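**Q** These are the residues of each chain, in order.
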Amino acid sequence: DGGITQSPKYLFRKEGQNVTLSCEQNLNHDAMYWYRQDPGQGLRLIYYSQIVNDFQKGDIAEGYSVSREKKESFPLTVTSAQKNPTAFYLCASSMGVATNEKLFFGSGTQLSVL
Amino acid sequence: SQKIEQNSEALNIQEGKTATLTCNYTNYSPAYLQWYRQDPGRGPVFLLLIRENEKEKRKERLKVTFDTTLKQSLFHITASQPADSATYLCALGYNNNDMRFGAGTRLTVKP
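As you go down the protein sequences, you meet chains F and U in turn. Those letters in the first sequence? Residues 1 to 114, by our numbering. Those letters in the second sequence? Residues 1 to 111, by our numbering.
A hint or two may mislead.
27 Å max Cα-Cα, derived DSS-like pairs, lysine-lysine [as the list claims (entries may be wrong)]:
#1 U:LYS59 / U:LYS71
#2 U:LYS71 / F:LYS102
#3 U:LYS110 / F:LYS83
#4 F:LYS14 / F:LYS57
#5 U:LYS55 / U:LYS110
#6 U:LYS59 / U:LYS110
#7 U:LYS17 / U:LYS55
#8 F:LYS14 / U:LYS110
#9 F:LYS14 / U:LYS3
#10 F:LYS102 / F:LYS14
#11 F:LYS70 / F:LYS57
#12 U:LYS3 / U:LYS63
#13 F:LYS83 / F:LYS57
#14 F:LYS57 / U:LYS57
#15 U:LYS110 / U:LYS71
#16 F:LYS57 / F:LYS71
#17 F:LYS102 / F:LYS83
#18 F:LYS102 / U:LYS59
#19 F:LYS102 / U:LYS3
#20 U:LYS3 / F:LYS57
A short, non-exhaustive set of chain F residues, derived as facing chain U with CB atoms under 7 Å [unchecked claim]:
#21 GLY42
#22 SER73
#23 PRO75
#24 ALA81
#25 LEU114
Don't read these hints as lab results, they were simulated from the structure. The structure presented is a predicted model; accordingly, all values stated were derived computationally and were not measured. Ideal Cβ positions, reconstructed from N, Cα and C, are used throughout, including at glycine.
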């Protein structure tokens, strides 16, 4: 059953804490993305990766970090520098970046601040 | 600055009617436009893609139009059903790493 798996579904962060959101795909896609979704706003791109060991900042990368050590995995760390982290985080993948093909999304992680 | 507006935050229609959702954009000339469906607490699911040189695309009960002069896309669901109730997002761009998403329109189809 191919797709994208995000975990956990819900995550709580204490002040000053870094938290990591997991994203795994078995679609053999080269490109992976992280989006942030806030109520009443469109999805905003945080980071994307076109290939293993390479990633690029999106529109709102400050306070976030990523890694791409394996093709299947693209974890997102929300650092303590992100002062307003409460949001719904979505991971996505596609065959490539320099295309206009559809994105496949995971089920999302809701991050809240304690 | 680039702006994407989806006609309204919420749209209520009766079962069997045609739902029409609007996506307007300014200060932008995208090469393509996509529509996604999102259910509460879930990730968006791709529905249709239309390119700048295409006027209309259809898939089963769905139809999308793309007017680059008006800078507008219309998304139609014919013979709507309660199961069509969801939030619908438009997204436009040149490549996948520069896609811009609208805030979405929440559609409710009442039996």
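**Q** If a hint holds in the structure, say so; if it doesn't, say that too.
**A** We went through each hint and held it up to the structure:
1. U:LYS59 / U:LYS71: OK: U:LYS59 and U:LYS71 at ~22 Å, within 27 Å.
2. U:LYS71 / F:LYS102: holds, 21 Å
3. U:LYS110 / F:LYS83: Outside the cut-off at roughly 41 Å; violated.
4. F:LYS14 / F:LYS57: holds, 25 Å
5. U:LYS55 / U:LYS110: Violated. U:LYS55 to U:LYS110 sits at ~30 Å, over the 27 Å cutoff.
6. U:LYS59 / U:LYS110: Cα-Cα ~23 Å, so holds.
7. U:LYS17 / U:LYS55: Roughly 23 Å between the alpha carbons, so the hint for U:LYS17 and U:LYS55 holds.
8. F:LYS14 / U:LYS110: Measuring from Cα to Cα gives roughly 42 Å; hence the hint is violated.
9. F:LYS14 / U:LYS3: violated, 34 Å
10. F:LYS102 / F:LYS14: violated, 35 Å
11. F:LYS70 / F:LYS57: holds, 18 Å
12. U:LYS3 / U:LYS63: holds, 23 Å
13. F:LYS83 / F:LYS57: With a Cα-Cα distance of about 18 Å, the restraint between F:LYS83 and F:LYS57 holds, given a limit of 27 Å.
14. F:LYS57 / U:LYS57: violated, 33 Å
15. U:LYS110 / U:LYS71: Roughly 31 Å separates the two Cα atoms, so the pair is violated.
16. F:LYS57 / F:LYS71: holds, 18 Å
17. F:LYS102 / F:LYS83: At roughly 32 Å apart (the allowed maximum being 27 Å), F:LYS83 and F:LYS102 break the hint.
18. F:LYS102 / U:LYS59: Roughly 15 Å between the alpha carbons, so the hint for F:LYS102 and U:LYS59 holds.
19. F:LYS102 / U:LYS3: Status holds; Cα separation ~21 Å.
20. U:LYS3 / F:LYS57: The given pair, whose Cα atoms are some 21 Å apart, holds under the 27 Å limit.
21. GLY42: Since the shortest Cβ distance to chain U is 4 Å, the answer is holds.
22. SER73: violated, 17 Å
23. PRO75: violated, 17 Å
24. ALA81: With a closest approach of 23 Å, the F:ALA81 hint is violated.
25. LEU114: At 20 Å from the nearest chain U Cβ, F:LEU114 fails the 7 Å test, so the hint is violated.
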